[in-house]
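S.K.: Sequence:
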Amino acid sequence: MAALVAGTPWMRIRVIPEFAPPFIFRRHFRLNFSVRASIDSDAPVRVRFAPSPTGNLHVGGARTALFNYLFARSKGGKFVLRIEDTDLERSTRESEEAVLRDLAWLGLDWDEGPGVGGDYGPYRQSERNAMYKQYAEKLLESGHVYRCFCSNEELEKMKEIAELKKLPPVYSGKWATAADGEVEEELAKGTPYTYRFRVPKEGSLKINDLIRGEVSWKLDTLGDFVIMRSNGQPVYNFCVTVDDATMAISHVIRAEEHLPNTLRQALIYKALGFPMPSFAHVSLILAPDRSKLSKRHGATSVGQYRDMGYLPQAMVNYLALLGWGDGTENEFFTIDQLVEKFSIGRVNKSGAVFDSTKLRWMNGQHLRAIPFEELSQLIGERWKSTGLLTESEGPFVDDAVQLLKDGIDLVTDSDTALSNLLSYPVHATLTSPEGRPIVEDKLSEFSAHLLAAYDSGELFGALEEGLAGWQKWVKGFGKTLKRKGKSLFMPLRVLLTGKLHGPDMGSSVILIYKAGNHGIVSPQAGFVTLKERFGILRQLDWEALNQDHPALESAATISN
1 MAALVAGTPW
11 MRIRVIPEFA
21 PPFIFRRHFR
31 LNFSVRASID
41 SDAPVRVRFA
51 PSPTGNLHVG
61 GARTALFNYL
71 FARSKGGKFV
81 LRIEDTDLER
91 STRESEEAVL
101 RDLAWLGLDW
111 DEGPGVGGDY
121 GPYRQSERNA
131 MYKQYAEKLL
141 ESGHVYRCFC
151 SNEELEKMKE
161 IAELKKLPPV
171 YSGKWATAAD
181 GEVEEELAKG
191 TPYTYRFRVP
201 KEGSLKINDL
211 IRGEVSWKLD
221 TLGDFVIMRS
231 NGQPVYNFCV
241 TVDDATMAIS
251 HVIRAEEHLP
261 NTLRQALIYK
271 ALGFPMPSFA
281 HVSLILAPDR
291 SKLSKRHGAT
301 SVGQYRDMGY
311 LPQAMVNYLA
321 LLGWGDGTEN
331 EFFTIDQLVE
341 KFSIGRVNKS
351 GAVFDSTKLR
361 WMNGQHLRAI
371 PFEELSQLIG
381 ERWKSTGLLT
391 ESEGPFVDDA
401 VQLLKDGIDL
411 VTDSDTALSN
421 LLSYPVHATL
431 TSPEGRPIVE
441 DKLSEFSAHL
451 LAAYDSGELF
461 GALEEGLAGW
471 QKWVKGFGKT
481 LKRKGKSLFM
491 PLRVLLTGKL
501 HGPDMGSSVI
511 LIYKAGNHGI
521 VSPQAGFVTL
531 KERFGILRQL
541 DWEALNQDHP
551 ALESAATISN
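Note that UniProt numbering has the sequence shown beginning at 1, numbered continuously upward.
For the record, the hints were derived by calculation from the structure and aren't laboratory data. Nothing here was measured: the structure is a model prediction, and the numbers come from that model. Don't be surprised by glycine CBs; every beta carbon is placed ideally from N, CA and C. One or more of the hints may lead you astray.
When the alpha-carbon atoms are kept at most 25 Å apart in a straight line, the in silico BS3-like pairs for lysine-lysine are as follows [as the list claims (entries may be wrong)]: (1) Lys165 <-> Lys133; (2) Lys157 <-> Lys133; (3) Lys514 <-> Lys482; (4) Lys189 <-> Lys138; (5) Lys138 <-> Lys159; (6) Lys189 <-> Lys206; (7) Lys189 <-> Lys157; (8) Lys472 <-> Lys384; (9) Lys218 <-> Lys349; (10) Lys157 <-> Lys206; (11) Lys442 <-> Lys405; (12) Lys201 <-> Lys138; (13) Lys165 <-> Lys206; (14) Lys292 <-> Lys201; (15) Lys174 <-> Lys138; (16) Lys138 <-> Lys75; (17) Lys189 <-> Lys384; (18) Lys384 <-> Lys292; (19) Lys486 <-> Lys475; (20) Lys442 <-> Lys384; (21) Lys75 <-> Lys405; (22) Lys442 <-> Lys514; (23) Lys165 <-> Lys138; (24) Lys133 <-> Lys166; (25) Lys159 <-> Lys133; (26) Lys384 <-> Lys475; (27) Lys341 <-> Lys358.
Pair ranges (Cβ atoms, derived) [said to hold, decoys possible]: (28) Gly461 <-> Thr328: 47 to 55 Å; (29) Asp109 <-> Ile370: 18 to 26 Å; (30) Lys133 <-> Glu393: 36 to 44 Å; (31) Trp361 <-> Ala452: 15 to 23 Å.
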């Protein structure tokens, strides 16, 4: 036999009584029951992200916010931001501002919350204390909670006794059955007290988690718990329940570490007559060693990744794939595509491993998907701000970005890419093990012919004509030396760029030539012009290079 307890139009709680007395908590009465929540499919979807402003926004919190955002947007619902700042000692306004800044950077705009307002405010728990006290008094009047005058010493003694008896460290219930006279006596003495919630001694509570399926708890493992401290401050589980209920939150999507809190919260929902939302507990984000991701594994906050040069769209894409997929092999999603594809039913309940290498790769995919004009502006401004170039835009910047973009996964990588192009470590390359075969392939003779082409003006004349002129000159130069393929291009690359590997050689040499003519490279960039490179080639001691001697360093390091 089931009874329905009326709630809001969109939710009802199904109560399954297990014996006859009326469903009401009295001061000395316990009820054995189980609770299931059911939700009206026509109800408006309202979800919330409720960070504590005690530090930076962790990637795990960012993913939770993202899943809430995607669920709300995919259902045409509301995404609410609530600040849980009841930890007065650790909460700071600076941390709150940092969290808001990181969420805004990710593009997770909230419909209600700080800076936006809404019909269910205020949206900081510290501004809702009067409401918590009101509901605590309501529970006291109904007998669902009672005053507990136990001192800290008494509570510690209870824990010790429980440990000796190998029992769960639950409250003994000393003040649960106290006579009214005893309570009045302590009140008259001014003894500090907390509000404790009466938990049924028997029975169970079940929820149907949208990710984990049916989850149940036995009530006898809990014990009466505190909802208001002796200093008048509400406890987390009480605040959260009152907030979610009074803000009409329909779905609570949060990290699995909050799963044990659901038992306390469900009991409070029931006692206050509030409808319960649907719950979805998302798995933790794991480090490569499958432990919980923490600072010891490297960067863990959104702000750190932003400062490292990651794009918000790449972070959003990668975080979405930590525990979710659309059922295809596709891994590249824009935020709009994620909204279209997202389903809470496809969120995996097992832990997802955070792979920084995969994130870097994905950032490169998103970086190269940016329209070229925007990409060139982004990287050009970076080069000017870091002192590599004197200008942030123009033909040279566009050509350099076009040439180097495939080797850039982060905006910050562009500094190394351009610096490598401008540098000329020819001596280190020629004395490396990888450079030895090229030196031994009559490189001194090859160099002499190349110097002759430079002295005659033939080479620079070809470079003036661009890529077509370069290609025509290389073909003729190869015929003169009776070389082609690798035996032609490897010596050319080494002598002109100073490296064994790199982007397209023709485009590289043309860009180096232009850089020397336009004066766009800053003096401190370490740039070696083509003219200076040929000066270095003239001074090379080929006899010494041809001697068999230990390498100074690996060309693999140089070329990269």
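S.K.: What are the numbers of the hints the structure violates, in ascending order?
M.R.: Result: hints 1, 2, 3, 5, 6, 8, 10, 11, 13, 14, 16, 17, 18, 20, 21, 22, 23, 24, 25, 26, 30 and 31 break, sorted rising.
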